[in-house]
Amino acid sequence: MLRSRLTQAACAAQRAFSTTPKVLAAKQMTVRDALNSALDEELSRDDRVFLLGEEVAQYDGAYKVSRGLWKKYGDKRIIDTPITEMGFAGIAVGAAMAGLRPVCEFMTFNFAMQAIDHIINSAAKTFYMSAGAVNVPIVFRGPNGAASGVAAQHSQCFAAWYAHCPGLKVISPYDTEDARGLLKAAIRDPDPVVFLENELMYGTAFPVDDKILDKDFLVPIGKAKIMRPGKDITIVAHSKAVETALLAAADLAKKGIEAEIINLRSIRPLDTATIFASVRKTHHLITLENGWPQHGVGAEICARIMEDQTFFELDAPVWRCCGVDVPMPYAKTLEANALPRVADVTEAALKVLGGKAGKATAALK
Amino acid sequence: MLRTLSRVSELPLIVKQLQKNAAQAGVAKTNNYATEATVQVNRPFKLHRLDEGPATEVKLTKDEALKYYTQMQTIRRIETAAGNLYKEKIIRGFCHLYSGQEACAVGMKAAMRDVDNIISAYRVHGWTYLMGVSPIGVLAELTGAQSGCARGKGGSMHMYAPNFFGGNGIVGAQVPLGTGVGLACKYKGNGGMCLALYGDGAANQGQVFEAYNMAYLWKLPVIFVCENNNYGMGTSSERASCNTDYYTRGDALPGIWVDGMDVLAVRSATEFAINYVNTVGPLVMETNTYRYSGHSMSDPGTSYRTREEIQEVRQKRDPITSFKELCIELGLITTDEVKAIDLKVRKEIDEATAFAKSDAELAVSHLWTDVSSNNLEPKLRGTNSFNLDHIQERKGVNH
Chain A
1 MLRSRLTQAA
11 CAAQRAFSTT
21 PKVLAAKQMT
31 VRDALNSALD
41 EELSRDDRVF
51 LLGEEVAQYD
61 GAYKVSRGLW
71 KKYGDKRIID
81 TPITEMGFAG
91 IAVGAAMAGL
101 RPVCEFMTFN
111 FAMQAIDHII
121 NSAAKTFYMS
131 AGAVNVPIVF
141 RGPNGAASGV
151 AAQHSQCFAA
161 WYAHCPGLKV
171 ISPYDTEDAR
181 GLLKAAIRDP
191 DPVVFLENEL
201 MYGTAFPVDD
211 KILDKDFLVP
221 IGKAKIMRPG
231 KDITIVAHSK
241 AVETALLAAA
251 DLAKKGIEAE
261 IINLRSIRPL
271 DTATIFASVR
281 KTHHLITLEN
291 GWPQHGVGAE
301 ICARIMEDQT
311 FFELDAPVWR
321 CCGVDVPMPY
331 AKTLEANALP
341 RVADVTEAAL
351 KVLGGKAGKA
361 TAALK
Chain B
1 MLRTLSRVSE
11 LPLIVKQLQK
21 NAAQAGVAKT
31 NNYATEATVQ
41 VNRPFKLHRL
51 DEGPATEVKL
61 TKDEALKYYT
71 QMQTIRRIET
81 AAGNLYKEKI
91 IRGFCHLYSG
101 QEACAVGMKA
111 AMRDVDNIIS
121 AYRVHGWTYL
131 MGVSPIGVLA
141 ELTGAQSGCA
151 RGKGGSMHMY
161 APNFFGGNGI
171 VGAQVPLGTG
181 VGLACKYKGN
191 GGMCLALYGD
201 GAANQGQVFE
211 AYNMAYLWKL
221 PVIFVCENNN
231 YGMGTSSERA
241 SCNTDYYTRG
251 DALPGIWVDG
261 MDVLAVRSAT
271 EFAINYVNTV
281 GPLVMETNTY
291 RYSGHSMSDP
301 GTSYRTREEI
311 QEVRQKRDPI
321 TSFKELCIEL
331 GLITTDEVKA
341 IDLKVRKEID
351 EATAFAKSDA
361 ELAVSHLWTD
371 VSSNNLEPKL
381 RGTNSFNLDH
391 IQERKGVNH
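Respectively, the protein sequence lines represent chains A and B.
In terms of UniProt numbering, the first sequence is residues 1 to 365.
In terms of UniProt numbering, the second sequence is residues 1 to 399.
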């Protein structure tokens, strides 16, 4: 499996922050295998759980996330669908209304736009419209956001779209621990969950321990994780952008600036408590996402901090780093420039820190 | 609409024979009237990809006659009451009336077993009642009061009951949803099926064909029912569909055309369909019917069709009148019994209407109640701050 230099560096960056030799020697598991094992365990645990989507069964999954599951569970539990998103998403929601626990895979969330009426109107709103009579325990999952060279129609990030809607839970995992714990939590949740994976993370391996591998390992939905503690500036990111944030933190550390990196894990609910606690410590905040800026995840975080007392803890305005506000181009250089890179994040951090950045660097010398 | 019997002159003979049988079977009878009759379905079924169709000769017992008549009359009165409430501006938003189509719902329900399910679009007040919600539950939901079946939070288009999945506002969406309910029946192995209802307007939706396709491939126990009332809002079926033989639109799926104004024909077709989808695979059923009202209360219903057309259906093909006349002719019920039912239903609906008008709405705190079954938001945002605490009253039926 070819791993980009970026992901190798990210892993190195992460490992550099672990404090025990035990972790270095720990077992590694890719995000793909994390999702696969989570699906396997939940299928085994609850007969009502089943997976449907394009190529999930006999092809072993378009991205091999469901590899081996059809062989193990058969046609009843792992269902190949025709290329008819609106239809099969509706079927999945109906099955959930009638008591099953479907996991509805979209080959990418770009295709889920064809089915979005069912996600919002049929799934998200039903519990409320029925005054609490009918809950819809469904998980919609699949890759979200930019991949590599797949151009405009296959690269959109939908985190902001789904997170806009009450009645939905929206999860955006980053690493293996996130993928395993959150997918299992999502499948066990009695409400509709949109689970936004990232294709570029599937092949990345992270250390796992017995706790993470436990068949009842769950990560709570709606709680962010501090990936790297710091005292000078907070950087909040989700999904693939967490890697960019960690690399930026490594860069900033060389300048004597200690960045606290928050991995959101969930977009809705948004863990403002963790963000605010961090800001009370660092007094500076940057949001980082690969999605577009307008009405995005960062925009929401800015609004929330302004409506909280934590606003007065800020020594500078909150700043957003986002994907460039254009459809994703194909050409390699253009594509690379369309997403926020480590240098963009570092530059934003230095600007937000202003004079303090200079002091920190000076203190290093 | 007069029934054709094998020979009309045979009526007294048939009645006498039935009475004899009844006497032998020890069944009680009232006066000289029968407790059971056999009738021929008036308009023949049309079949698509089927060698055999539903039974054209159907049995009807006195109890069934009373029940179907009462049900249809109740639906008619509920809809009339709803129409009046809407004109009084006590019902707001959308209100789609089923008047004229009663035989479809009652006929289908008559064939349903406890394990069966149904889902439809927004013309569902009648179905909600048939699936177990009281007239108060329906009318109070329409007035937005707390005794409504969704406590006033859903309104006309979002009513639910056990085995009844609404009540759906997006045209066509209910068809894949119903297919999913069918999948759940097969998955659970409970022998049940799902009726997925839609109109001639929805019949052109792409997702309907996607649902047909998957139901066929996976042999799901789904009866796709097109309630063809000839108009999708203001657009006649001829102007909207290149093929108005909706029972054939399932292509590889077999189909049955039924006279939707004939409750016994609908029942017969549904019985056949239930057996078919539980043994072979899904099929499409088109019930040809008519709505007297406009598409909704905002539509007078006369800009795209003539008053004469509506009147003609009322006079010649009304499902309730024709069923009543049939039952009386067969000697199953008397005019006195009919009158008694009419009075009883009117009283019940009048009382329910009065109650629905006077019943209070839910307290404002229900605005932030039951948004999720497992709420994880520490606070919900109100209009100008994060000042709301989600209230959990119910968890939902799927746990």
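These are calculated hints, taken from the structure and not from any lab test.
A hint or two may mislead.
What the hints assert, rightly or not - Using C-beta positions, here's what the derived DEER-type ranges look like:
(1) K357/B - F312/A: 47 to 57 angstroms
(2) Q392/B - K27/A: 36 to 46 angstroms
(3) R45/A - K344/B: 47 to 57 angstroms
(4) G354/A - S365/B: 41 to 51 angstroms
(5) T306/B - M113/A: 51 to 61 angstroms
(6) A343/A - T235/B: 29 to 39 angstroms
(7) Q392/B - Q28/A: 25 to 35 angstroms
(8) M233/B - H295/A: 26 to 36 angstroms
Don't be surprised by glycine CBs; every beta carbon is placed ideally from N, CA and C.
Out of the numbered hints, which ones does the structure contradict? Hints 5, 6, 7 not satisfied by this model.
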